[in-house]
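S.K.: Each chain is listed here by its residues.
Protein chains: 2
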Amino acid sequence: MGTMKKYILISNDDGINAPGIAALAAAIETIADVVIVAPEKQQSAVGHAITMNDPLRVQKIFHGEKFYGYAVNGTPADCVKIAIRTLLERKPDLVISGINHGSNTAISVIYSGTVSAATEGTILGIPSMAVSLTTFAPEADFSYAAKVAVHMAHLILEKGLPKGTLLNVNVPAVPEAEIAGVLVTKQGKSIWNDEFESRRDPNNREYFWLKGDLLELDTSEDIDQGAILRNKVSVTPIQYDLTDYKFLDKLREWDVSGV
Amino acid sequence: MGTMKKYILISNDDGINAPGIAALAAAIETIADVVIVAPEKQQSAVGHAITMNDPLRVQKIFHGEKFYGYAVNGTPADCVKIAIRTLLERKPDLVISGINHGSNTAISVIYSGTVSAATEGTILGIPSMAVSLTTFAPEADFSYAAKVAVHMAHLILEKGLPKGTLLNVNVPAVPEAEIAGVLVTKQGKSIWNDEFESRRDPNNREYFWLKGDLLELDTSEDIDQGAILRNKVSVTPIQYDLTDYKFLDKLREWDVSGV
Numbered sequence: 001m002g003t004m005k006k007y008i009l010i011s012n013d014d015g016i017n018a019p020g021i022a023a024l025a026a027a028i029e030t031i032a033d034v035v036i037v038a039p040e041k042q043q044s045a046v047g048h049a050i051t052m053n054d055p056l057r058v059q060k061i062f063h064g065e066k067f068y069g070y071a072v073n074g075t076p077a078d079c080v081k082i083a084i085r086t087l088l089e090r091k092p093d094l095v096i097s098g099i100n101h102g103s104n105t106a107i108s109v110i111y112s113g114t115v116s117a118a119t120e121g122t123i124l125g126i127p128s129m130a131v132s133l134t135t136f137a138p139e140a141d142f143s144y145a146a147k148v149a150v151h152m153a154h155l156i157l158e159k160g161l162p163k164g165t166l167l168n169v170n171v172p173a174v175p176e177a178e179i180a181g182v183l184v185t186k187q188g189k190s191i192w193n194d195e196f197e198s199r200r201d202p203n204n205r206e207y208f209w210l211k212g213d214l215l216e217l218d219t220s221e222d223i224d225q226g227a228i229l230r231n232k233v234s235v236t237p238i239q240y241d242l243t244d245y246k247f248l249d250k251l252r253e254w255d256v257s258g259v
Numbered sequence: 001m002g003t004m005k006k007y008i009l010i011s012n013d014d015g016i017n018a019p020g021i022a023a024l025a026a027a028i029e030t031i032a033d034v035v036i037v038a039p040e041k042q043q044s045a046v047g048h049a050i051t052m053n054d055p056l057r058v059q060k061i062f063h064g065e066k067f068y069g070y071a072v073n074g075t076p077a078d079c080v081k082i083a084i085r086t087l088l089e090r091k092p093d094l095v096i097s098g099i100n101h102g103s104n105t106a107i108s109v110i111y112s113g114t115v116s117a118a119t120e121g122t123i124l125g126i127p128s129m130a131v132s133l134t135t136f137a138p139e140a141d142f143s144y145a146a147k148v149a150v151h152m153a154h155l156i157l158e159k160g161l162p163k164g165t166l167l168n169v170n171v172p173a174v175p176e177a178e179i180a181g182v183l184v185t186k187q188g189k190s191i192w193n194d195e196f197e198s199r200r201d202p203n204n205r206e207y208f209w210l211k212g213d214l215l216e217l218d219t220s221e222d223i224d225q226g227a228i229l230r231n232k233v234s235v236t237p238i239q240y241d242l243t244d245y246k247f248l249d250k251l252r253e254w255d256v257s258g259v
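In the order they appear, the protein sequences are chains A and B.
Residue numbering for the first sequence is 1 to 259, as defined by our numbering.
Residue numbering for the second sequence is 1 to 259, as defined by our numbering.
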């Protein structure tokens, strides 16, 4: 008996029919048993939403006669939660979310369904990683990002991750020959320069579309967005204790008890 | 000319018709001009979701003939974003989200729509605070929590908050006479002991309901949940740079570039 084959849960926020999750699953299948549990529909920018007020349905998806994965009528976090709590026969060794079609850097990390699936894996005690390709182009090539995912999966399985920590990986959308390396980075501070475009429906009622760009407030090489701009893969360790430890002592000097 | 009256934006995740936001607005109106921009429907556990793929509608809500606030067909973060970017005549001095009907402590902070509204205010450069009352009881009394909100609003307006930092306030659901003080705390590590209850619909198709309790992994007094258990108001400073700074150097020793 050798060591048991590794078992890896794959999810995403682009939905089970997205090409990015297919590229990821095909690459990861070369090193582990894979199970896909993903949203039935695209779920971008859902943040760390979970479904509490509606029932969840789980549907088995086949490609031809071959079982492909489970589609859930919920969010990425729902998918990972119901997979680990209910659907899977055993605890996975790793959760990978992706490959997202679009970057998840800077402030976008907190809006990201892709990251939230990996965060949910971490919350449930499984080493986890989110992988994104930094383009929205419809004909995106996920092959190099899938190689990165396999390499990082090997590293995580070998070395483990600290309790409560996951990796957020962003891969530049350039040909593999132009990739200039891999960097460990911090989450950037860039925010969205968003605005709401006012339109009128055919009944002359106003509605709004959100639009905007990521403002490049900081492009130094040691942050996620800065690495991507230099054609380097960005690997950011993230966690979900939001406490501002630096401000705790100062806040304790406030008269908070004067209510 | 005295100083200009302060202008405070109020939102929540329980929806514009919830009693908690009404109690908050009534209390805050004694110290500032108030504008309410809140979801038209209850939005619990939506995390930091924003609406990118659907149009937003904004509806003016009247109580009798008096304008009450704007209802948005979106998430708490959408409400704060569209308020500050589009609806309000000037930048508010403060954003307050709440009063939430139920606690937002420990791991729940990352699922919380209440907190995400305040986070969005912080992202947009406005000092912000989330306020929650730690009960789901339908006949909850929000009056003491509203007093806490007013006191904390005064303090924030006087002292300011660091860029990128907001306050997450949880108020024990006990009579005011039993409140044992106010504590500055850290976000706790408790997670949900969740499970999915399998049921059958009238057509015998399976569906799942999420249920569960917050596991009390740590109840020391300096964490949010620990303060609440001692009938103390919990005030946690939080931020949204998720970088795990402690793990950065260790991760830099990994062979991340070996792909």
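Treat the hints loosely; a few may be bogus.
Which copy? The list can't say, so a pair holds if one copy fits it or any two copies do.
Under the rule of at most 27 Å between Cα atoms (straight-line distance), these lysine-lysine pairs were calculated in the DSSO-like manner [unchecked claim]:
1. Lys91 with Lys163
2. Lys250 with Lys159
3. Lys41 with Lys163
4. Lys66 with Lys250
5. Lys5 with Lys211
6. Lys91 with Lys147
7. Lys41 with Lys189
8. Lys41 with Lys246
9. Lys232 with Lys250
To be clear, the hints were calculated from the coordinates, so they are not data collected in a lab.
S.K.: Now look at each hint and say whether the structure bears it out.
M.R.: Cross-check of the supplied hints:
{"no.": "1", "hint": "Lys91 with Lys163", "result": "within (16 Å within a copy, 40 Å between copies)"}
{"no.": "2", "hint": "Lys250 with Lys159", "result": "between (37 Å within a copy, 11 Å between copies)"}
{"no.": "3", "hint": "Lys41 with Lys163", "result": "neither (31 Å within a copy, 36 Å between copies)"}
{"no.": "4", "hint": "Lys66 with Lys250", "result": "neither (59 Å within a copy, 42 Å between copies)"}
{"no.": "5", "hint": "Lys5 with Lys211", "result": "neither (45 Å within a copy, 32 Å between copies)"}
{"no.": "6", "hint": "Lys91 with Lys147", "result": "within (24 Å within a copy, 46 Å between copies)"}
{"no.": "7", "hint": "Lys41 with Lys189", "result": "neither (30 Å within a copy, 31 Å between copies)"}
{"no.": "8", "hint": "Lys41 with Lys246", "result": "neither (40 Å within a copy, 36 Å between copies)"}
{"no.": "9", "hint": "Lys232 with Lys250", "result": "between (38 Å within a copy, 19 Å between copies)"}
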